[in-house]
Amino acid sequence: MKLFEYQGKAVFQAAGIPVPESRLVPCTSASVAVIAGQVAEAVRELTAASSSDNKPAGGDTAIVVKAQLDMGGRGKAGLIHVARGPEAAAEAARTIMGKGYTIPALLVERAVSIDRELYLSISADATSANFVILASAEGGVDIEDLAKNRPEAIRRVVVDPFRGLQGYQSRGLAYDLGLSDNVAKQFAAMVEALYRVFRGKDAELAEINPVFITTSGELIAGDSKLIIDDNSLYRQREFQLAREQFDSDAAYEAAVEGIPYLQFDGDISLMCAGAGLATTVFDLVNYGGGAVANYLEFGGPNYQKAQRAMELCLKNQSSVILVVTFGTIARADVMAQGIVDAMKLLKPDRPIVTCIRGTNEEEAHETLRAAGLEPLLDTEVAVQRAIDLAAARKGREKKDGRA
Amino acid sequence: MKLFEYQGKAVFQAAGIPVPESRLVPCTSASVAVIAGQVAEAVRELTAASSSDNKPAGGDTAIVVKAQLDMGGRGKAGLIHVARGPEAAAEAARTIMGKGYTIPALLVERAVSIDRELYLSISADATSANFVILASAEGGVDIEDLAKNRPEAIRRVVVDPFRGLQGYQSRGLAYDLGLSDNVAKQFAAMVEALYRVFRGKDAELAEINPVFITTSGELIAGDSKLIIDDNSLYRQREFQLAREQFDSDAAYEAAVEGIPYLQFDGDISLMCAGAGLATTVFDLVNYGGGAVANYLEFGGPNYQKAQRAMELCLKNQSSVILVVTFGTIARADVMAQGIVDAMKLLKPDRPIVTCIRGTNEEEAHETLRAAGLEPLLDTEVAVQRAIDLAAARKGREKKDGRA
Amino acid sequence: MSIYVNRETRILVQGITGNEGAFWSKHMLDMGSKVVAGVTPGKEGQKVHGVPVFHSVARAVASTEVEAAMLFVPPRFTRDAVYEALDAGIRKVVTIADGIPLQDQIQIRAHAQSLGAQVVGGNTSGVISPGASMLGMFPYWIERVYKPGTIGVMTRSGSLTNEVTAMVVRAGYGVSTLVGVGGDQVPLSRFAEFLPAYQADPATQAVVIIGELGGTMEEEVAAEIAAGRFTKPLVAFIGGRTAPAGKRMGHAGAIVTGTTGTVASKVAALEAAGALVADRPSAVGALLQQAMQKAGHQ
Amino acid sequence: MSIYVNRETRILVQGITGNEGAFWSKHMLDMGSKVVAGVTPGKEGQKVHGVPVFHSVARAVASTEVEAAMLFVPPRFTRDAVYEALDAGIRKVVTIADGIPLQDQIQIRAHAQSLGAQVVGGNTSGVISPGASMLGMFPYWIERVYKPGTIGVMTRSGSLTNEVTAMVVRAGYGVSTLVGVGGDQVPLSRFAEFLPAYQADPATQAVVIIGELGGTMEEEVAAEIAAGRFTKPLVAFIGGRTAPAGKRMGHAGAIVTGTTGTVASKVAALEAAGALVADRPSAVGALLQQAMQKAGHQ
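Protein chains in written order, with my numbering: chain A, 1 to 403; chain B, 1 to 403; chain C, 1 to 298; chain D, 1 to 298.
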């Protein structure tokens, strides 16, 4: 579960990591005009409360307006603006909201006066089975680019998962980045706080990029990237799935059901059991020139959720539903029966191609035949059938002038 | 730092370990009559507050009055009494206070109805470098005796100091003790809570002996033995040295100064530098038929505390002060000068035998000679000299009829 | 012969009295697996399909010799259960749990490594040496997938494994031992860690790996081949060539971050090392025949 | 020759810019110890007695080879400093800190053991091979105590060591290497762990141990002799025969609990194994002469 910047920063702040003073303006149910007004009001509040260290003589406090959405490169995309004064900030908000993205909220922050930027992150290393801290004196850039182009600019600290982070490690990292004195001390403290967040919140990734060093020598988190391990949510009760974290209603509803789902814009709905098999079917559809409408898994613990899965598929404007399974625990007979029951209930308006194999497959095939479906046995044959059906429908629609 | 039973139980309770309901009656500055009255009042409070599960029909709630002092075998020594009703409890308090011990406080507890008793402790194993949990289904006995006589009755669980206690370990221990169902679950939870106490409070030993299993199947700590590592007190701020933890004013004052000190009833005051050397001098005095008045170390970080050390020695009715050092960091010249300065200031009424060697010993010897002291070089010669001086004084006193 | 698990391997089942544990223990026994003990706290004295149940692993190993542990334990209790097996001296542990917290997995793997143990899983069907023994939940009764033979199989998937292994069988081969390392971001054991055993196993003539995007396990296999430490024929199928970058599609481990984890890098590494890579399951059989012939097998 | 530290041992001093660190580094250098680097966070670039100072151990070892670390670091920072040395690959570490938290010591020792490292201390003067090198703070200039020679000495004490070692020298011998394991309840290394090195060292003809009540270190030495793994003459002095039970007199480690840790049990174990035990320091010399003669040394 990837938190938005503002959520991550709230976690950081609670852990003792300095973050810029800010106000959040939610955007889900308001007009752009209302949002712009709320941004202006937020700026007034921040200005009133501020000790104004970045307020130029006679001028307005510098403010940053940042779109809150799960997307890299927000700056380049024009989703982050610096403005001075309530009116300019409101204008920035209007500009951002006009970019055509779904933006759940705007974060309105007091700008800080930046001397330098650092990079800092903590993640898990699957191979060595350690936690790993990465840091660089060259912050604010894409760490992947930096890793490719100037790997020597990245310092790596390996943290034993039982002994935990040691003082010498955070201190040593600060000195290795060329920091000194008070800044080094602040950085070491920030590393320790971020490690507490990483461990305490079961994070997959805890990243601060950039870490600002202000002109007055203070360290402050310029951004947050905090991904909470979905498998740990049972013990991280403060984090809950929310609609705003998803691109579509279908994706959110699927997530609530625990059904892996991804939205695409093709015309073949996948309804597969098994992550690896679903991914392979996705490949095969693409190889064959087809286009996927949605990726969906109803295998594993969800093998009895055929009805819910089909409902999600039917939300798409797809031409065909392609069911491929080769199940073990996910019994073929149960899945086949689920498909047939769902068809009776939902009366799908599009053809369904089935390739259901595995435990109790003979019974499954009888069930499908009884419902008028052809039980295919070969995945690639089934994929081709779906592609052909989709193409035929496209052809019809073209002829009908509907495309 | 060894906590009193009531202090340990307070820590246990805060950690979620059930303890009997109780009231504490301090005894430091009150007459026995006042104390007995307070005990009776405590019993009335406990009886009023109680749900009276141990109240016999028409009778009084059973109460235990327990002397709070650092001593094993309190039961055998008559320092723990069971009584029914305020008057009987007050009488018990009078009996306990009349035993001739220095008792800082009485713990007045509601008695529990006991079905069985268990033993449970956590300590550190220096050799294997692990934490070790010991438990036995035969509680309430001296674990050292049990270890000698029926070692098979003790279960031992080794806890990795980095991974910590695991659920399977506390659960497994419960089953290995023959507990089952609800009692096993309570015991596992108690083990986990005690481990949190042990680690969280930097304990050397955290022991519950006995753990009561009540007739209604509840687990409850019947006693507490909690020793906090003195070296960790800087990070265990809730625990502070207090007068009541020491046998004598001198011992308490020495502890506050950080000077290792033990009170004995002989006539030779030791003032030695180095724990091992001081212990050896203690042996040599005893070998030679002498008797030690006090053990005192002023070496190591205390080597400049000669004056404070001599003051402590002079509090004793000793006949001679025996100074033995062979210092490294504890410089001989500094210690010699300290002795001489202290003599000028304190004007001791008894002879001082010095055997000061080590770093800068030549200067030390000059200093001693200038002050009229003979700088001995051989420890055993110095010990014999002190024994002789003490014997001579004893002889004089005998002759004078003062002994 | 086989690797990891064979006819003689004495197996303990943790969580044996649960629905899943009891169900699959039955199948393990049916297949011939030597399930000698089970563990469920509080249920000592019971029997499940004739297998005695103990309160703890320590109590089980005190009364019967055990070489491998099979866990049917929920994800949130998996770390404790794996520690229990490892600390009792068991060095082969398989967990099918799907949803083990990631930081727990790091700790499990770290502890297993420090002991030289191999913990397989989570999010897998387990390990099977068809016809001999099984640590997991495979439909071994589907002969067109789980036919005994000479091909070692390693996989990150479940259903896809059936899909691909069926192609191996269709090409005329069978399986020596199939190891499902699972689809998590932190598999508790990794492909390359089983190569020495496959290399040493006389019954294994070639290895098929069923990989996918994300992580570096396939590259590690390539490195072992390139270093000359694994010399038997190896055929790979790798799924997710067309998966969108940055999205988590499929398994938790199947995510491309930055430049690592792309199928392209895996294919390039494997082909450079001399392995054959299929672009679709149906291509696996022919590539395997080709590799086997080249190696002098029929 | 010597054990643990010799003329060639390249030494890093942690906490070198502090009062104690600077003072004793000077003495270590004066004695010939090869102090090649120092560490104090924030002070990189400085020099102490000509020794370059680094921010961290990692930075020091990156620029100069180091085999041993000497710590002049306060007790509460000792665990971190020892980890820093160990994690940088140093396998010999001496800490003189007096007052290291007990649970920290358990962790330090556990970590050192897992790495096969020997951490000596705390609450000790350290290790000295007189005339060759020193990791600690010994008055090596007192020739009647620290005279080079053929007797290995191990001790739990400080001042008492001077007392007893003076008797060794008075008897006509000198010291090969003296190891002060310290007086804490949890010495980071234990007597018996140095016996293999003394056994292998051709320059060591006999070993004197200076023990005391409490713990089981002397019994462990006896066990090594009894098992035939240590075969050189060994003389022990053990203090605290008349110490009252249950009271903490002297070192933190010098406490008798129940039946373990009594001087009587130590003496019995050592004598049963064939070691000679002195009841007072002045008896050590004669016993040593006796043991040496019996072993064919003069």
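Worth flagging that the hints you see were computed from the coordinates, not collected in a lab.
Any given hint could be a false lead.
[Claimed, not checked] Straight-line C-alpha distance at most 20 Å; calculated EDC-like pairs for lysine to aspartate or glutamate:
| no. | chain 1 | residue 1 | chain 2 | residue 2 |
| --- | --- | --- | --- | --- |
| 1 | C | K247 | A | E21 |
| 2 | D | K247 | B | E257 |
| 3 | A | K185 | D | E220 |
| 4 | A | K2 | D | E220 |
| 5 | D | K232 | D | E220 |
| 6 | A | K225 | A | E21 |
| 7 | C | K294 | A | E374 |
| 8 | D | K247 | B | D247 |
| 9 | C | K43 | A | E144 |
| 10 | C | K147 | A | D378 |
| 11 | A | K148 | C | D30 |
| 12 | A | K2 | A | D265 |
| 13 | C | K247 | A | D378 |
| 14 | C | K43 | B | D176 |
| 15 | D | K247 | B | E144 |
[Claimed, not checked] Cβ pair distances, simulated, as ranges:
| no. | chain 1 | residue 1 | chain 2 | residue 2 | range |
| --- | --- | --- | --- | --- | --- |
| 16 | B | E152 | C | K26 | 16 to 26 Å |
| 17 | A | Q13 | C | M1 | 56 to 66 Å |
| 18 | C | A245 | A | A30 | 52 to 62 Å |
| 19 | A | D125 | B | G72 | 46 to 56 Å |
| 20 | B | T95 | D | P244 | 45 to 55 Å |
| 21 | A | Q13 | C | A62 | 46 to 56 Å |
| 22 | D | R170 | B | G395 | 50 to 60 Å |
| 23 | C | Q46 | B | V158 | 48 to 58 Å |
| 24 | A | G200 | D | G50 | 39 to 49 Å |
| 25 | D | G50 | A | D145 | 36 to 46 Å |
Glycine included, C-beta positions come from ideal geometry on N, C-alpha and C.
Task: Unmet hints by their number, sorted upward, for this structure - done: The structure conflicts with hints 1, 3, 4, 7, 9, 11, 12, 13, 16, 18, 20, 22 and 23, although it agrees with all the remaining ones.
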